Every structure is written in structure tokens, then in C-alpha cells.
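Protein chains: 2
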Amino acid sequence: MGVIGIDLIKDGWFMEKGALWPGQAMSLEVAEILHHGRTKFQDLLVFRSKAYGNVLVLDGVIQCTERDEYAYQEMIAHLPLFCHPNPERVLVIGGGDGGVLREVLKHSSVKKAVLCEIDEGVIEASKKYFPAMSCSFQDERVELKIMDGAVYMKDHQDEYDIIITDSSDPIGPAEVLFEKPFYESMYRSLRDGGIVATQGECMWLHLNLITPLMASCREIYSTVEYAFTSIPTYPSGQIGVLMCAKQGCNLKEPCRSPSDEMQESFQYYNSEIHTSSFVLPEFAKRALRV
Amino acid sequence: MGVIGIDLIKDGWFMEKGALWPGQAMSLEVAEILHHGRTKFQDLLVFRSKAYGNVLVLDGVIQCTERDEYAYQEMIAHLPLFCHPNPERVLVIGGGDGGVLREVLKHSSVKKAVLCEIDEGVIEASKKYFPAMSCSFQDERVELKIMDGAVYMKDHQDEYDIIITDSSDPIGPAEVLFEKPFYESMYRSLRDGGIVATQGECMWLHLNLITPLMASCREIYSTVEYAFTSIPTYPSGQIGVLMCAKQGCNLKEPCRSPSDEMQESFQYYNSEIHTSSFVLPEFAKRALRV
Numbered sequence: 143m144g145v146i147g148i149d150l151i152k153d154g155w156f157m158e159k160g161a162l163w164p165g166q167a168m169s170l171e172v173a174e175i176l177h178h179g180r181t182k183f184q185d186l187l188v189f190r191s192k193a194y195g196n197v198l199v200l201d202g203v204i205q206c207t208e209r210d211e212y213a214y215q216e217m218i219a220h221l222p223l224f225c226h227p228n229p230e231r232v233l234v235i236g237g238g239d240g241g242v243l244r245e246v247l248k249h250s251s252v253k254k255a256v257l258c259e260i261d262e263g264v265i266e267a268s269k270k271y272f273p274a275m276s277c278s279f280q281d282e283r284v285e286l287k288i289m290d291g292a293v294y295m296k297d298h299q300d301e302y303d304i305i306i307t308d309s310s311d312p313i314g315p316a317e318v319l320f321e322k323p324f325y326e327s328m329y330r331s332l333r334d335g336g337i338v339a340t341q342g343e344c345m346w347l348h349l350n351l352i353t354p355l356m357a358s359c360r361e362i363y364s365t366v367e368y369a370f371t372s373i374p375t376y377p378s379g380q381i382g383v384l385m386c387a388k389q390g391c392n393l394k395e396p397c398r399s400p401s402d403e404m405q406e407s408f409q410y411y412n413s414e415i416h417t418s419s420f421v422l423p424e425f426a427k428r429a430l431r432v
Numbered sequence: 143m144g145v146i147g148i149d150l151i152k153d154g155w156f157m158e159k160g161a162l163w164p165g166q167a168m169s170l171e172v173a174e175i176l177h178h179g180r181t182k183f184q185d186l187l188v189f190r191s192k193a194y195g196n197v198l199v200l201d202g203v204i205q206c207t208e209r210d211e212y213a214y215q216e217m218i219a220h221l222p223l224f225c226h227p228n229p230e231r232v233l234v235i236g237g238g239d240g241g242v243l244r245e246v247l248k249h250s251s252v253k254k255a256v257l258c259e260i261d262e263g264v265i266e267a268s269k270k271y272f273p274a275m276s277c278s279f280q281d282e283r284v285e286l287k288i289m290d291g292a293v294y295m296k297d298h299q300d301e302y303d304i305i306i307t308d309s310s311d312p313i314g315p316a317e318v319l320f321e322k323p324f325y326e327s328m329y330r331s332l333r334d335g336g337i338v339a340t341q342g343e344c345m346w347l348h349l350n351l352i353t354p355l356m357a358s359c360r361e362i363y364s365t366v367e368y369a370f371t372s373i374p375t376y377p378s379g380q381i382g383v384l385m386c387a388k389q390g391c392n393l394k395e396p397c398r399s400p401s402d403e404m405q406e407s408f409q410y411y412n413s414e415i416h417t418s419s420f421v422l423p424e425f426a427k428r429a430l431r432v
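Protein sequences, first through last, are from chains A and B. Going by the numbering used here, the first sequence runs without a break in its numbering and finishes at 432. Going by the numbering used here, the second sequence runs without a break in its numbering and finishes at 432.
Bear in mind the hints are in silico, worked out from the structure with no lab data behind them. Treat the hints with caution; some may be incorrect.
Unchecked claim - Derived contacts from chain B toward chain A, CB cut-off under 10 Å, selection only:
{"no.": "1", "residue": "Trp-163"}
{"no.": "2", "residue": "Ser-169"}
{"no.": "3", "residue": "Ala-173"}
{"no.": "4", "residue": "Leu-176"}
{"no.": "5", "residue": "Ala-213"}
{"no.": "6", "residue": "Tyr-294"}
{"no.": "7", "residue": "Tyr-329"}
{"no.": "8", "residue": "Leu-347"}
{"no.": "9", "residue": "Asn-350"}
{"no.": "10", "residue": "Gln-380"}
{"no.": "11", "residue": "Cys-391"}
{"no.": "12", "residue": "Asn-392"}
{"no.": "13", "residue": "Leu-422"}
Source: prediction; values computed, not measured. A virtual CB, placed ideally from N, CA and C, is assigned to each residue, including glycine.
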């Protein structure tokens, strides 16, 4: 049993205490609790905050807020997509809130986007409380699969240009997504030239987790890199994106640029920040050997 | 009267509620309160945290923690210093904890470093509770002035290669440090080729403050830029550095590089992150017109 989100609310504040960031907690003032309960897989809380719009919490951990979600969704989607010359088939594993899907579909080259989310409860909550994130589920290029991503990939090999794993943390249902067999599955599901991007935790907190994971990835993929994005409501104010390419590829330099219209729809991503997001502070550079 | 730091501790957690970041608060678990009281200018609290070492709090706002202070101190010091071909005379305004001074003195070109701190209580607290930050006060190149930085600069014109203003937020004693007359004073105290770096608040929270301040600076200085550094214990997990050059100068490209020995002493700064720290997310780029 994970943490019960509503238990973290006291005196009108949600305090994100968590086993993965002991001794620190982002706290958000609560305006109204909109939903709490258990899905088939996890505890799900939605509250309206005073400063960050609606907030989605799974097993006590903030997944996204309306105010800053774009910083994560844009980066985990556009970093791999702009490194691929012609991304046609995209698989999103997790990402039930729909935010990554929204960004993926901005690329006109994309003919098919499969969202494989194990927990239908997350999709339902997003449709109800996060309209700006769940806006793309009806796009005709989208196929929704309510199932385990690893199981789905078994029957879909050599099929995708881009795979994005937008997961929660490695405690609870997402634990297997941070292990080598899952990265081997993604490798097999990629077509030639394919690229993977996964939620890469935080360099300030989890180098002990990121370092061995990157070492495993280097045994599988030709190119492995680590980028980060700044986002106030994730622990320590930033989160990483782990990127792997099936064939050798300079992931730090986008091979395509957004059109003016597309760039106008972005609040975080641009071609310059693509490159700079791979430049790490010295302590992380040393640990990750990038 | 500012906020009383100790009033923000409840159930063993310090929760950094503040008027400049309504509805959000970084929370740190407290192991032991080491000091609390009022200096001549402000409320000063020092506690030992469970995860971030000792923490200095002024008027209820976290100033630094032993675990992540380098992310700020290195960047606000080395961004201007590595843009100057031969920085000999450096003025630090504020910065009573000594961390910026420690970084400044790593540059062998520096012959004199004046620290002008209005509040002696901060220096005393740092000497007692933050030995790794206050380690440089005894360096023979250092001159300590306990006074208002603006008053000091009146009698010291055309004198400094670098001025670093390491201030608290624009509520309380540091308010004037965010206004145009203070930037005019710094301009007059710079020698030809001089560069200023100041604590530039947070792009996620304070674009309404940063935008007009940068506009004022552009009326005074030849070059004005904005960089940022990632730091878990500042509001929203990052803080900006506002940089101004007396004469035209590419502040984004360092003109010197650290020696190997110097680089080994850094935990955050390197020549690559110097440049990338000026690359802003789209929302900030648009607002600040950089």
C-alpha cells in the first residue's frame, strides 16, 4: 500500500513527504479537495491549489499541476521528437494525464500515437479535472491501450520511432520501469533510428539510482544521454530525462526545428534549451560521466 | 517587522511560507534548533536539518543550506569573474555568510576583496555555524566593512572590476538593492571593463519584478543578461543571476577557464554550464526579451 494522498494534507496545506526525498517536502496550499480514492493500482488525489491550479497526486506524490506541467511534458516529448528526422509512430507508456500525448501530436509527421497506461483511473481523473492535458485523447491518430507497457511491447517489436515512458517514481507500480529488462523491451520495440525518452528522476536526489540505470542503458543502446528540466513542483525543483538512441545519434542537437506556429504553442521548449538541457552541473557530470 | 523564523517550525518541520511565493513552501525537517534571535536588522534562525545540514534563515526565508549552497555561491561568483580577463578588485555587497567570498578568492588574480555587509549578526552566525562558508574571512586579501553597500560605494567610485550583490529578497533591508539608483551606484563604482552580478530572484515566480529591473539596467549598462542556477532549497528550485557589464561584453561566453585544480574545487560551475545558464525556457525568454 502506498501513501494516502489526503493524509498529507494538514492545516490546509499538502506536504509532499516521500521516502525518495527524506527530510524535504514541497508544500502547496489547498483551496479545495476535488477527488480522493483508490484506483485499481494506486491512491489518487486531485485538489485545487491556491497557486498552481489543479494538482494530481498518486500514492502521495505530485504528478502534475496545471501551472507548471508544460515544463516536463514539453521536454520529455520534444527532446526525442526533434532528434528524429521523421517520427511517424510514437508509443507513450504511462502518461495517463495526456500531457505528453498533447505535445507528441503537435508534430505533423506523427501518423500514430499509442498511449499505453496501466491505470485507467488516471485517464478518467485527467479527463475530468485536467482538460488542458487530456485534450488529445480524441485525436484520430491516438490509440488508447489500458495495459502494462512491457506486455504491450512484447507483441509490438520493431514498430516505433519514439518511445516515451512518462512514469511515476520507482516505488509502486512503476518500479519495473526503472530496470534493465524494460529498457531491453523498449529497444526491441524501436524501429531503426528509434529514440527512447524516460522520466529520469532528479540529479539532486537520485544519482545513486540514475548512475547504474545509465550504465545498464549503455550496454543496450548506442547513445545514452541525460537532460534535465526545471519544474517547481517536482522534488528539488527539477527532473531529468534519460534518452537512449538505438543507433549512434547526437541527441544533444535537434535535427529539426519547430515551425513558428509550433514554437508559439510552447512555453518551455526551444531549440537552444534542447542543447543546454544536456549541460549538467559539475557534481552530476562527474557522477554520470557525461 | 519581518517573519519570525521559529514561528514557521511546526511538528518538527520548517515550512518556508512567504509573501513572495504565496501558496507554496519548501519544507525541511528540523533535527535541532541551533540559534534564534534578532540581529540589529532582522530575525535570524539557524537550525540543523535532517537532510540539508545547517540552514540559515533570515526573516523566515532560507538563505543557504550546507548541502546545496555551492550551486548559488559558485554561479553568482564565477559567472562574472570568468567573464573578466583580469579581475583584481572585487566588492561583495551582502553575502555575510562568506560563501561568495570563498569562491571569489579562488581566483589568483584577485588582489583585494571587500565584503560590505550591513548586518554583522549574519557574519557572526556564519562563523559559528557554517565553517565551510565562513572559511575565507581571515584571508589577507579580504577587507570587511559592516555598513550599507550604497553608502560604501559613494566613497569608492571607479574602483572595482567586479561587484557581486548577494542579497536577500526585496522585502526588508534588501529592498533598495532591487532599485535603479542602486544599479547606478554600482555602475559608478566599477572600473572600465567592470561587471556586476546580483541575486536575480526566480523566473518562475518574479518575472513581474525581474522584467522592469532589467529594463532599468539596460538604461545604465552596455550589456545586461540573465542566467539561472538550479538549487533545491530556494523557492521553486532555482534562482537567477542578473549580470550587467559597463562596456559591451559577451557575458555568455567566459573569457577564461578554470585550471584543473580550480575546477576540482567546484561542485556546480564549469565552462559549459556558464554558457548554458543563460539559455532560458521559452516563457522567460519572451518576458525578458533575451
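Hint check:
1. Trp-163: holds, 8 Å
2. Ser-169: Holds - the Cβ of B:Ser-169 comes within 10 Å of chain A, reaching about 4 Å at its closest.
3. Ala-173: holds, 9 Å
4. Leu-176: The hint is violated - B:Leu-176 has no Cβ within 10 Å of chain A, the shortest such distance being about 16 Å.
5. Ala-213: Holds. Min distance 7 Å.
6. Tyr-294: violated, 33 Å
7. Tyr-329: This hint is violated: B:Tyr-329 lies away from chain A, its Cβ roughly 29 Å from the closest one there, beyond 10 Å.
8. Leu-347: B:Leu-347 check passes; min Cβ-Cβ to chain A is 8 Å, inside 10 Å.
9. Asn-350: Hint violated; B:Asn-350 Cβ to chain A Cβ min 14 Å, cut 10 Å.
10. Gln-380: Result: holds, 5 Å to nearest chain A Cβ.
11. Cys-391: Violated, about 20 Å.
12. Asn-392: Violated, about 15 Å.
13. Leu-422: Given a least distance of 7 Å, the restraint on B:Leu-422 holds.
Consistency note: the structure conflicts with the earlier hints numbered 4, 6, 7, 9, 11, 12.
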